[in-house]
Structures are given as structure tokens and as C-alpha cells.
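Visitor: Protein chains in written order, with the numbering used here: chain P, 1 to 372; chain H, 1001 to 1128.
You may find that some hints are simply not true.
Mimicking BS3-like on lysine-lysine, the simulated pairs with C-alpha atoms at most 30 Å apart in a straight line are [said to hold, decoys possible]:
#, chain 1, residue 1, chain 2, residue 2
1, P, LYS350, H, LYS1019
2, H, LYS1125, P, LYS296
3, P, LYS7, H, LYS1125
4, P, LYS285, P, LYS296
5, P, LYS83, P, LYS71
6, P, LYS329, H, LYS1081
7, P, LYS71, P, LYS281
8, P, LYS350, H, LYS1078
9, P, LYS350, H, LYS1052
10, P, LYS24, H, LYS1125
11, P, LYS314, P, LYS67
12, P, LYS314, P, LYS283
13, P, LYS350, H, LYS1081
14, P, LYS19, H, LYS1125
15, P, LYS329, H, LYS1078
16, P, LYS267, P, LYS362
Looking from chain P toward chain H, a few residues come up when the C-beta cut is under 7 Å (computed) [to be verified]:
#, residue
17, GLY39
18, VAL40
19, LEU41
20, LYS283
21, VAL302
22, ALA305
23, PHE324
For each label pair, taking beta carbons as the anchor points, the in silico distance ranges come out as [said to hold, decoys possible]:
#, chain 1, residue 1, chain 2, residue 2, range
24, H, GLN1119, P, THR125, 41 to 47 Å
25, P, PRO208, H, ARG1121, 23 to 29 Å
26, H, ASP1126, P, ARG369, 41 to 47 Å
27, H, ASP1126, P, GLU209, 52 to 58 Å
28, P, THR125, H, ASN1005, 48 to 54 Å
29, H, GLU1049, P, GLU284, 56 to 62 Å
30, P, ARG352, H, ASN1005, 31 to 37 Å
31, P, GLY261, H, THR1051, 45 to 51 Å
32, P, GLN164, H, ASN1005, 49 to 55 Å
33, P, PHE110, H, ARG1121, 52 to 58 Å
34, H, THR1064, P, ASN312, 47 to 53 Å
35, H, GLY1096, P, PHE110, 37 to 43 Å
36, P, PRO208, H, LYS1075, 56 to 62 Å
These are calculated hints, taken from the structure and not from any lab test.
Beta carbons: idealized from backbone N, C-alpha and C, even for Gly.
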Amino acid sequence: MVQNNTKDLKVTPLLDLHKELGAKLVPFAGWNMPIQFSGVLNEHICVREKVGLFDVSHMGEIEVKGKGAKKFLQFLLSNNMEKMLDGSVLYSLMCYENGGVVDDLLVYQFSENHYFLCVNASNSTKDYAWVEKQASSFNVNIKNISNETSQLALQGPFAKSVLQDLCDISLNELPYYNFRKGRINNVESIISRTGYTGEDGFELYLSPEKVSEVFRLIMDQGLPYGIQPIGLGARDTLRIEMGYPLYGNEIDDNPTPLDAGLGWVIKFDKGEFLGRESLLKQKEKKGQRQKLVGLKLLARGVPRAHYQISKNGKPVGEVASGTFSPTLKTGIGLCYVTNESEIGNHLDVKIRDQLVPAEVVKLPFVPSRVKK
Amino acid sequence: MEIPNDLHYTIEHEWVRMKNNRATFGISDFAQGQLGDVVFVEIPAEGTELTKGSPFGVVESVKTVSDIYAPVTGKVVKVNKDLESQPELVNSDPYGQGWMIEIEFSNSNPEQNLLSAAQYREQCKDQE
Chain P
1 MVQNNTKDLK VTPLLDLHKE LGAKLVPFAG WNMPIQFSGV LNEHICVREK
51 VGLFDVSHMG EIEVKGKGAK KFLQFLLSNN MEKMLDGSVL YSLMCYENGG
101 VVDDLLVYQF SENHYFLCVN ASNSTKDYAW VEKQASSFNV NIKNISNETS
151 QLALQGPFAK SVLQDLCDIS LNELPYYNFR KGRINNVESI ISRTGYTGED
201 GFELYLSPEK VSEVFRLIMD QGLPYGIQPI GLGARDTLRI EMGYPLYGNE
251 IDDNPTPLDA GLGWVIKFDK GEFLGRESLL KQKEKKGQRQ KLVGLKLLAR
301 GVPRAHYQIS KNGKPVGEVA SGTFSPTLKT GIGLCYVTNE SEIGNHLDVK
351 IRDQLVPAEV VKLPFVPSRV KK
Chain H
1001 MEIPNDLHYT IEHEWVRMKN NRATFGISDF AQGQLGDVVF VEIPAEGTEL
1051 TKGSPFGVVE SVKTVSDIYA PVTGKVVKVN KDLESQPELV NSDPYGQGWM
1101 IEIEFSNSNP EQNLLSAAQY REQCKDQE
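Produce the complete structure using the sequences and hints provided.
Guide: See below:
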């Protein structure tokens, strides 16, 4: 119940439409964004069971063009660009020399001379400065295209049915982590089979001038399927159920992305890249490092960020992100623990001076239904 | 947003309904709206003594957690057990089925320092 000064906040082209749809707006990463419409629980269930539409225009986009583009990204990013094909998407980390994470991002390859990176809103200014600084010795042009790019996410089991009738590409031929240029009722768009919910779905990149038109069109088309607009509140509960990291919670500029279980996007064998040496040293410390695990509460309570975790009264870690899981109807948390990370281990979460019993469970908390 | 005229309110967004030497209370429509979906309500057992202005329980929503403060001093004589299985009543009917506690108050002037509906309406306007 804090008073917020909203006049310095950035807004997406959909602000008025959000207000019309009953959104509650809050400042997020410098943007005035809808945190909820009908309510987080209802919206969450709607995405899991039907389909929901998110305005994620606050996300940043950075274009990388030029003859040296692939080589540059191979140096800039931790994941391996080598096997990327035109029209594919790759999740990667971008690290400092010390192994700290600048950001986690998606790479889109149009060709080996043309890419764009989709980055977190909270980091986009910092990211752009970092990418540009690193690019100086490569044959590339870097452009921040965040202001000319809006983004929608259509997620849920009916996402494909809703979008297929509106667009001119065959979604059956668009595999997970791939994208195509297409038209949504004559509006040029990048249609990407990606998302942050664990459901099948799409992320759409399009012009800010056209995004309101497309948002309304998708809402109308989705009406028979029970579509709802979804706020950032449910975006967070959906990603926590999937165990997806969020910059600022599970990862940050500390040199510990391996602890977050992100070793699968750090490819030491691909050759030199920013942060490689430091991360390699981290890797050798296996056993002394903390580990990100899923904790499911066995009694009533909701774990929140920074709550302490203990075993037999001895502190063993803390909660990175926590919520009430609308699917499991219990408290869940993504937590950093030292030792004690085996599945089935019983730990306690300290919630307001009470120790609430919890169990280490396998991630994701809820099975993923993306179309792999 | 609903603010019934026949109730008293606190600056922490609780409402109070006085009847004889009993006070029933819960959280206001404004408060439930700010918290969002309520998933747990922690309230003390019958017989607990509460002191005006002290936190006695918590409302946990999906997004956040908030203390509840005792609007008057007295002994808990009844708690709303329905909230254990249906915490969402706090959202759907904050002044009715979403009530939390009934207390028997000991002080002779329990309305002291409580807000009238008109005063509370002003306060909410400032915070919106």
C-alpha cells in the first residue's frame, strides 16, 4: 500500500487498454506495468488450463548485425552459437570476465550476419552498454531497438489454436525455440515458439504502432477459448512453478551461475568466451558450492525471498524466490542451499519466527508442457 | 470500493463492527484489493488476549504478506474457522463472510482513535 509516483515511469502502448481491462498497475523495472487483471490465481490457472495474453513490451531488444556477428556472439555469450540455424532461438547467459551474470537472454538468428537479443527490462540499458563496449574489436553494428519493438506473449494449451487462425504461417511447422517472420492479420510480426510459463505458446515481436490492434484481435479470437489478459504477478508464479530463473532473484552479478543449475548453457568446450576462466574455476569447486533446489512446504505458509532455511536448527541456505503455487495449492520456493540438496531431504523454512517443514523436490514443480 | 457507513476503521485498513461489548473485525475492501488473492489467514485461538494496535495475525496473499493489528483491546471469543479452508472469502466478502475475529472488549471507550467511514474514505483516497 505504497504511494507510487508514476509520472517518471515508461509505459507500453497498451497502457490505456490495460486500464480499460481493469488492470492494477505497479512500477516494475522503471515501467508502469499491469501486475494483475482478474487476480493472480485466476490468471495463473487460465494460462495452465486455457490461454492467456501478456504484454511484455518492457523487455529489451538489442540488434547485432554485420559480418562478424556470429563470431562476436560466440565470444560474448556462454552458450554455443555454432549449431544455431537461421530461424532458431537460443537461451544463453552473458557474463562479465569474473563470471558474474550481466543478464540471461534469448538469441534470435535471422542469418549469420543478423541477430537480435531479447533481454530483461531491468537490465536493458546496462546490457546495451556492455554489448557495445565488447563489440569494439569485432565487425558488428549494435543497435538498441527496444523503443521500436513491442512484445506480446500468448501462452497456454489453446495458444496455437487462437493464433493459427490469425496468422499466415503454419504453427504446426514451427518447433519449440524456433521463430518465423509472419503476419498477424496483415501486421508484420516475429512469431517465436518460446515462453516463460512452461506451457505451449508464442512470443510475438511487433511494431509499437500495431501492438494494440493485435492485442485486441487476439483477445477477440481467444474469447471462445476463455482467454484472459495476464499480469506480471501470474508471470512470476508460472515461472517459479517451472523453476525458471529470474535475474535479480536466482542469478545476478555474482559469479555463481553454475550454482543456479545453468551449467547446461555454459559451454566450456566451445572455446574462448567472456567469463570462461572464472567459471571454470567455479566449476572445480563443486561440492563446496551452494545449489539451487526446489522446496515444497509440508505445512501452511508461503516462502518469500531471503527467508532462512535450516536443518536441525543449523542455517543451510535461503529462499531466492517463493510463492503460493496455484497449481499445487501449497507454498513453494527456489532456494539456495549448501549440502542438503538431495531430493527428498527435509528442511525447515523460517517464516516469521516459526520453522515450517519443507521437502527438497525435483524441478520443475509442475510438469512442463512445451512442445519439444 | 466498498466502505460501509455503519462500521469503524483503523489506519491499518481493518474494519470493526461494534455490538454491545463485542467487536467483530476483518480487513477492508481496500486492503483485500491491495493484497490480491488471499491464500492463508493466521489468526489466534479463542481465549487469546489482544492489545489494541498490536499485530495479532497475518494475511498471506500470493504476492505478499501483511500483519493484522488489533483495533480494540479484549479477549478473542470467536474466530472465523471457514477461513481455514476458504481464505478467498476475505477477497469475495471482506465485510461479511470474510470476517476474522470477534472479541469481547474490556475498555469503556473502544471507538477511541478509530476512524469513521468518512474519515477512512479520505485516507483511502490519499493512498490510491
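Visitor: None of the hints should be skipped; say for each whether it holds.
Guide: Structure-based check of each hint:
{"no.": "1", "hint": "P/LYS350 - H/LYS1019", "verdict": "39 Å, violated"}
{"no.": "2", "hint": "H/LYS1125 - P/LYS296", "verdict": "39 Å, violated"}
{"no.": "3", "hint": "P/LYS7 - H/LYS1125", "verdict": "18 Å, holds"}
{"no.": "4", "hint": "P/LYS285 - P/LYS296", "verdict": "28 Å, holds"}
{"no.": "5", "hint": "P/LYS83 - P/LYS71", "verdict": "13 Å, holds"}
{"no.": "6", "hint": "P/LYS329 - H/LYS1081", "verdict": "19 Å, holds"}
{"no.": "7", "hint": "P/LYS71 - P/LYS281", "verdict": "24 Å, holds"}
{"no.": "8", "hint": "P/LYS350 - H/LYS1078", "verdict": "28 Å, holds"}
{"no.": "9", "hint": "P/LYS350 - H/LYS1052", "verdict": "27 Å, holds"}
{"no.": "10", "hint": "P/LYS24 - H/LYS1125", "verdict": "16 Å, holds"}
{"no.": "11", "hint": "P/LYS314 - P/LYS67", "verdict": "55 Å, violated"}
{"no.": "12", "hint": "P/LYS314 - P/LYS283", "verdict": "26 Å, holds"}
{"no.": "13", "hint": "P/LYS350 - H/LYS1081", "verdict": "25 Å, holds"}
{"no.": "14", "hint": "P/LYS19 - H/LYS1125", "verdict": "18 Å, holds"}
{"no.": "15", "hint": "P/LYS329 - H/LYS1078", "verdict": "27 Å, holds"}
{"no.": "16", "hint": "P/LYS267 - P/LYS362", "verdict": "24 Å, holds"}
{"no.": "17", "hint": "GLY39", "verdict": "5 Å, holds"}
{"no.": "18", "hint": "VAL40", "verdict": "4 Å, holds"}
{"no.": "19", "hint": "LEU41", "verdict": "4 Å, holds"}
{"no.": "20", "hint": "LYS283", "verdict": "36 Å, violated"}
{"no.": "21", "hint": "VAL302", "verdict": "5 Å, holds"}
{"no.": "22", "hint": "ALA305", "verdict": "11 Å, violated"}
{"no.": "23", "hint": "PHE324", "verdict": "4 Å, holds"}
{"no.": "24", "hint": "H/GLN1119 - P/THR125: 41 to 47 Å", "verdict": "44 Å, holds"}
{"no.": "25", "hint": "P/PRO208 - H/ARG1121: 23 to 29 Å", "verdict": "39 Å, violated"}
{"no.": "26", "hint": "H/ASP1126 - P/ARG369: 41 to 47 Å", "verdict": "45 Å, holds"}
{"no.": "27", "hint": "H/ASP1126 - P/GLU209: 52 to 58 Å", "verdict": "37 Å, violated"}
{"no.": "28", "hint": "P/THR125 - H/ASN1005: 48 to 54 Å", "verdict": "50 Å, holds"}
{"no.": "29", "hint": "H/GLU1049 - P/GLU284: 56 to 62 Å", "verdict": "59 Å, holds"}
{"no.": "30", "hint": "P/ARG352 - H/ASN1005: 31 to 37 Å", "verdict": "35 Å, holds"}
{"no.": "31", "hint": "P/GLY261 - H/THR1051: 45 to 51 Å", "verdict": "47 Å, holds"}
{"no.": "32", "hint": "P/GLN164 - H/ASN1005: 49 to 55 Å", "verdict": "53 Å, holds"}
{"no.": "33", "hint": "P/PHE110 - H/ARG1121: 52 to 58 Å", "verdict": "56 Å, holds"}
{"no.": "34", "hint": "H/THR1064 - P/ASN312: 47 to 53 Å", "verdict": "30 Å, violated"}
{"no.": "35", "hint": "H/GLY1096 - P/PHE110: 37 to 43 Å", "verdict": "58 Å, violated"}
{"no.": "36", "hint": "P/PRO208 - H/LYS1075: 56 to 62 Å", "verdict": "60 Å, holds"}
Checked against the numbered hints given earlier, the structure breaks hints 1, 2, 11, 20, 22, 25, 27, 34, 35 and satisfies all the rest.
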